[in-house]
Every structure is written in C-alpha cells, then in structure tokens.
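Sequence lines, in order, name chains A and D.
The first sequence maps to residues 1 to 370 in our numbering.
The second sequence maps to residues 1001 to 1366 in our numbering.
These aren't lab readings, by the way, just hints derived from the structure by calculation.
It should be emphasised that the depicted structure is a prediction, and the values quoted were computed from it without experimental measurement.
Fair warning: there could be bad hints in the mix.
Derived SDA-like pairs (lysine to any residue); straight-line CA-CA distance at most 25 Å [as the list claims (entries may be wrong)]:
{"no.": "1", "chain 1": "A", "residue 1": "Lys79", "chain 2": "A", "residue 2": "Glu118"}
{"no.": "2", "chain 1": "D", "residue 1": "Lys1238", "chain 2": "A", "residue 2": "Val330"}
{"no.": "3", "chain 1": "D", "residue 1": "Lys1245", "chain 2": "A", "residue 2": "Ile312"}
{"no.": "4", "chain 1": "A", "residue 1": "Lys281", "chain 2": "D", "residue 2": "Lys1234"}
{"no.": "5", "chain 1": "D", "residue 1": "Lys1115", "chain 2": "D", "residue 2": "Arg1083"}
{"no.": "6", "chain 1": "A", "residue 1": "Lys240", "chain 2": "D", "residue 2": "Pro1322"}
{"no.": "7", "chain 1": "D", "residue 1": "Lys1012", "chain 2": "A", "residue 2": "Leu295"}
{"no.": "8", "chain 1": "D", "residue 1": "Lys1012", "chain 2": "A", "residue 2": "Leu353"}
{"no.": "9", "chain 1": "A", "residue 1": "Lys240", "chain 2": "A", "residue 2": "Ala60"}
{"no.": "10", "chain 1": "D", "residue 1": "Lys1234", "chain 2": "D", "residue 2": "Pro1106"}
{"no.": "11", "chain 1": "D", "residue 1": "Lys1104", "chain 2": "A", "residue 2": "Ala46"}
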Amino acid sequence: MIRLAFRNLFQNKIRLVISVGGVALALLLILSLDAIFTGVERRVTAYIEHSGADIWVSQADVRNMHMASSSLPDSVARKVKYVPGVASVTPILYLTNNVVAGDERNLAYIIGLPENAEFGGPWSISSGQSLPAQGETILNRNIAVNSGIALGDEVEILGDEFKVTGFSEGTASLVNSVAFISMDDFEEMRGSYDTVSFLLVKVSDGESPEVVAARIKTQVRDVTAQTRTDFATQERQVIKDMSTDLITIMNLIGFLIGLAVMALTVYTSTLSRRREYGMLKALGARNTDLYLTVLAQAILSVVLGFLFGLVITLLLTVVIPIFGSNLLLVVSRVSLLKVGSVSLVIAAVSAMLPIRQIAGLDPVMVFRGR
Amino acid sequence: MSLARRNLFQDKTRLGLSIFGVALAVMLILVLKGFLTGMNRQITSYIDHSPGSIILAQEDVVNLLGATSLLPEGIAQRAETIRGVDEAIPILSQFVILDLHDKKQPAYMIGYEPKQGGGPWELTAGREPNSKREIVFDRIFADRHDLNLGDQVEVMGKDFTIVGLSNGTTSWMTSYFFVRKDAAEDLLLASDATSFLLLTTSDGANLDDILRRLNDLSGVNALTKREMAANDLKLFAKVFSAPLKLMVGIAFLIGTMIVGLIIYTATVERQREYGVIKAIGAKNRFLYQIVLTQALFASIAGSMLGVLLANGAAQWIMTTRPQFLIVFDPVDSGQALLAGLGMALIASIFPTRVMARLAPAEVFRK
Chain A
1 MIRLAFRNLF
11 QNKIRLVISV
21 GGVALALLLI
31 LSLDAIFTGV
41 ERRVTAYIEH
51 SGADIWVSQA
61 DVRNMHMASS
71 SLPDSVARKV
81 KYVPGVASVT
91 PILYLTNNVV
101 AGDERNLAYI
111 IGLPENAEFG
121 GPWSISSGQS
131 LPAQGETILN
141 RNIAVNSGIA
151 LGDEVEILGD
161 EFKVTGFSEG
171 TASLVNSVAF
181 ISMDDFEEMR
191 GSYDTVSFLL
201 VKVSDGESPE
211 VVAARIKTQV
221 RDVTAQTRTD
231 FATQERQVIK
241 DMSTDLITIM
251 NLIGFLIGLA
261 VMALTVYTST
271 LSRRREYGML
281 KALGARNTDL
291 YLTVLAQAIL
301 SVVLGFLFGL
311 VITLLLTVVI
321 PIFGSNLLLV
331 VSRVSLLKVG
341 SVSLVIAAVS
351 AMLPIRQIAG
361 LDPVMVFRGR
Chain D
1001 MSLARRNLFQ
1011 DKTRLGLSIF
1021 GVALAVMLIL
1031 VLKGFLTGMN
1041 RQITSYIDHS
1051 PGSIILAQED
1061 VVNLLGATSL
1071 LPEGIAQRAE
1081 TIRGVDEAIP
1091 ILSQFVILDL
1101 HDKKQPAYMI
1111 GYEPKQGGGP
1121 WELTAGREPN
1131 SKREIVFDRI
1141 FADRHDLNLG
1151 DQVEVMGKDF
1161 TIVGLSNGTT
1171 SWMTSYFFVR
1181 KDAAEDLLLA
1191 SDATSFLLLT
1201 TSDGANLDDI
1211 LRRLNDLSGV
1221 NALTKREMAA
1231 NDLKLFAKVF
1241 SAPLKLMVGI
1251 AFLIGTMIVG
1261 LIIYTATVER
1271 QREYGVIKAI
1281 GAKNRFLYQI
1291 VLTQALFASI
1301 AGSMLGVLLA
1311 NGAAQWIMTT
1321 RPQFLIVFDP
1331 VDSGQALLAG
1341 LGMALIASIF
1351 PTRVMARLAP
1361 AEVFRK
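The task is simple: from the sequences and hints, build the whole structure.
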C-alpha cells in the first residue's frame, strides 16, 4: 500500500510540485518567522556575547541593555575593582541614538569606550582601526556600505562630527547597529563626567563568574551584577516575551493554510484515483489498507513539503545577507521540532476527508463505469 | 462560460477547499497589512495626543521612541522667550524593561508635570499621579498582567502604586506608562533632566519662523509633531518592512499555488473533452478563456472570502489579544482583490500550456 501511495504521489509530477510547494510555503511561513525572531535574539545579544566580559554590572534592577538605561556613579568602578576575584574593570557609556550621514539616519547603540579599552570594543574589524580615538568612530560595515559611507568620511552622532576610522562586522541587527566612539567624546556630548552606564568585569583565572557576581552584589550597593550568560539570557527573554503572541498568531495562520493546501491536494488526488480504489475494494482490499494508502500519501507529501520549506528557509538565511539586509534568519532546533510536529498534524487531519470518501465508495461502481 | 462554470462546480468540495485556501492566503496578506497600519497608529499615539505643535529635542535627535534625548539645562526658559511660543512642557522619557510576572515587558516611561500636561490623555479609571511613587498604567497592559488600581509595580527597583489606568497607550511591542517627572529623574539618576519639550504656540503664529528661531538655540533640534511622528514611523517601517514583505510574498505564492493546483487538476481531468472541442474546430484562445475564467472565479471568490475572513480574524485577535490593533485601509482590500487577479493570471500559465499542447486527434486514439 505504501508503494501505491508512492505511485499515486509521483505519477503526476506537476500536481506533486504544486502540492509539495504549497505545503512547503505554508510551513515556510512558520519557519521563516521563527528564524527571523531567533536571528533578532542572536543579534541583540551579539554585543554582550562578544564583549569579552565575564560579568556585567549595571544600575540596581537594570537587567537589560536593549531598550534600557543604566547609570552608575564613577566610584562604583573603584569599589568593584576591589572585590576579590575581579581581575579588571572596563567602564562603558551607552545610549541609543542616530548615526547621521547626509540624509541617511541609522539607529545605533552608541558605545563610549575608554582609551585602550580591554573589553567592550568591536570584536571583528573588516578594515581600519579597532578602537576609536577622540573624534573618531567605528561603524558597522553593512550599515556604512548601505549608507554610502567610506573610511575617512564624516558622520554626525549626537550633533558632533566624527571621522569614520574603522568598520566592524556582526554588529548590526534588524533593529539597530553598534557605533563605537571614545568615552571622552561621549562625556563631552552628554555633559556628564561622573557616571558610566555599565562595568565590564573580567574575573581572575580560576574564579567562577557566578561566585564573583554574587560577591559584587553583596559588597557593592545599588548595583546589579550578572554573568555574561545571564545578561544575554535576560536580553533574549525580552525578544521572546515581546514576540510570543505574534508568533502564535502567525503559526496558527500558517497551520491553517498548510492544512487547506494539503487537504485540497490529498482530496483531489484521491478523487482522481476513485476508480482504482473501487477496483482495489472489489478485489478484496480492506478499508483500513486504503486509509493507510491515503495517510501515507499525505505524510509523504507533508514530509517532502517540510524538507522543501526547510531548504528554502536555509537558502533565505544565505541569500538575504548577500543583498546587504541586516535581517538575520536563524533556524533553531526548537523551531524544526515544532514545524515537524505541525506537519504531521496537517498530514493526519488532511487525510480525514478522502478517508471518508473511500469509506463510502461502492466497489460495484467500478463495474458500472462510474 | 457555462463550460468553465460546470468544470468548477462539478466537485463542490474541491472548489470549496480551493476558495478557502485562497481566502486564507488573502486573509494573511490583509491581516499583516492591517497589523502594520494599526502598529503605525499606536507608534504615534503619544505624539498625536500630546499638547503643543512643536517638539524640542536634543541636537540631532529626530525621533521620540528611537533615540535618547537630553536637553541642555535651562532650555525651557529660553524656548519660552521665543516669540510665538506660549508654553514649554517638559517631559523626561526613556524605554525601560519591566519584569512583570516573570515576563519582560518593554515600556516607554513618560515623566511629566501633571500641572503642565504631557501625561495620559484619557483615563478610564483613577487619577493622575500626585506623588513620586504613583504611576498611571495602560488599562490593557494592566489587565494582561492582572494589575489594578492600588496594586504595586516595581520600576527599576522602586515600588510604585497604580493610581490611574489610561486608554489608547499600548501596542503589541510596548506600552506607555506615566509617572511624575521628578520620579523619572530619580529612576534615571538624572536630576533636573529633560528629554523633550512639548511647545504650544500662540494662535496664528508662524510655525516656520518659530522653528527657525528655536533651531538657532544651541544643542537643540526643533521639529513639528508631524515631522517627529513621520520619523518614528520611518524608523519602525525600516525594522518591519523586510519581514513583512517576506511574509506577504509567501502568502501570495501560496494563493497562486492553490489556484494553480485546482485549475490544473480541473484541466487535466477534462483533457479529453477539451480535445473533442479542439477537434470540432475550437481555437486555443477559446480554451484559454475557459481556463482563465475558472482561475478568475476561484481567486476572486477566494479573495472576497479572504476580505471577510480577515475582518473576522482581526476582530478575534483584537478581542483575545487587545494589545494588537489591526486597522484595514479600503485600499488594502482593493489590493487584495488585485492580488487575487494576479494569482489567477499566474496560476493559468500551466493549464493553458497543457491546452496548447493538446492534439485534437488524441481524443480519437483513446
């Protein structure tokens, strides 16, 4: 019966392409949306993950960077430095603002770095300097290329002119990029010289970041100290919590569309084989065998559709960045598992209609020529 | 025409499934577009409802939501001396992440002076904040987290009591909440800081002249509210347009495939009949018309059902998840019907090729 399902499916190639393509596209809806949000999660945490710090210290009860503001008095850096297990402390200043080049405005995390900053700087430089001196900035290469900015050009940040002296990689997301300037410039522009936003802490060899973070929390007042992993998890959680409802709705629509396409395909294909099924019944085939054929056909189509949808999504993950978009698509295992399960449900439900059709089929009909 | 109709209606289940499939694809396109229109309306809700016609921001800051703005000290007094400016209303604003019931909720904090304005424009319950530890929450946002008047919420480590519930101040991404300006200064450790000034102007004053004079002040950028709203929309459009276009493109392809499948199947099934019609002298053009008529019917019926479904789905989504606003523009419905036509035309390509290759004599050989 499985062979019959195979033959039914592959006999008409155009119908196979259309049905597999339809299911693939419906599953692509779910897969690509998941991939977009996973990509955003990854890019949003890129700066934290690549900062080189073991611990992030922020204002009390500030547990995020994206869409958040943190302010710490300068004195906190000194106090943290004296906590046992702390090897070094790098303060950074941070806010979200525009990088302006002509008519182009690009939203960016503006990071103010101290001279010779150990941590918190760009982690991958495609050209130019790796740290900004006064009056200089390092921008994301993609953003710069799309805005027609070359090394040596001037851009405006917070109302001041900066010379672009370096291009970084992996520092742009769908939402914003990261622009690095010197801490002196940052302080001058904001007019505040006695506060920093975050402290990037490196622990001594052999020390556990969790233990040192706990020590900082108990020994320094009014701060939140989180390991890099915890901080990145908090950041990802913001995107997750924001997108849950949206993803649920889109998944439901994708599921319904996939179901309609699959039901239509299996129904149409069963209908066109009505006489053959009647013949099989007349020859003594049991209804269960015929049901299995239909179900196998539905499962085969959906599996092919799933694989095809996955290939398209993977292709998109490669093709979209080539066109200079900051839209990063990442296919996660959780998403694959979810879409795989959805596919099986689609196959099972879509087989119901033809099964009913077969159940009501009269074997004698075939001899009547109907 | 009657042949096309008979072909289509012979199997009503198949026709129903195909119309439903197209309808779902069209519904998806409409819901996505309606979602974007609604989001745009929510994005600019504060600017649309705040007092004044001009917003004064830090130099180079052109957005309310996208960027952090910090105005030079004493700028409110200087702005008020400019001819045509009636009042300068200060606000201190910043995105913050609230931890509510183990969920991370980005929210936009507006610190304002209740006597001057710039706070919530519609309260459904309660009052404006009188003290530093009082807060006005959006009613839908509060409801989603089971919060009510008198409840405590923690903002950046400080406890606030909810004293008012505002309306029209939420979206699926974020929500506005309002505290007194001095409370915001405490939270951000920035005493006397001001992010933006909302400027009201005297009747008949020339806005261009006022903007020019304001922009002569150092360290500031003066924009009309309309300009700032447009900048915020542009910023968010930049973020959402790529994923949205991808989704709409996929939905269009799905619709096309569904119509293609149904018309192709109907054509192949009737291949012999079409051969007979060809043998008795019918031209290919006539047969193409039959295919196109079927495709048009399935896709237009599907598109119309899609418009109805989209309205139903939007109502359902907004009832179960009130943070979503889905607004349909009549133009979008027109575009959905056009998309249906596009699906029909593309879907007819394969079946018409089958027709064109059909040898009239073949029918007599079988």
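Verification of the hints:
| no. | hint | in the structure |
| --- | --- | --- |
| 1 | A/Lys79 <-> A/Glu118 | holds (19 Å) |
| 2 | D/Lys1238 <-> A/Val330 | holds (20 Å) |
| 3 | D/Lys1245 <-> A/Ile312 | holds (16 Å) |
| 4 | A/Lys281 <-> D/Lys1234 | violated (64 Å) |
| 5 | D/Lys1115 <-> D/Arg1083 | holds (23 Å) |
| 6 | A/Lys240 <-> D/Pro1322 | holds (19 Å) |
| 7 | D/Lys1012 <-> A/Leu295 | holds (22 Å) |
| 8 | D/Lys1012 <-> A/Leu353 | holds (13 Å) |
| 9 | A/Lys240 <-> A/Ala60 | holds (23 Å) |
| 10 | D/Lys1234 <-> D/Pro1106 | holds (20 Å) |
| 11 | D/Lys1104 <-> A/Ala46 | holds (19 Å) |
Violated hint: 4 only; the structure is consistent with all others.
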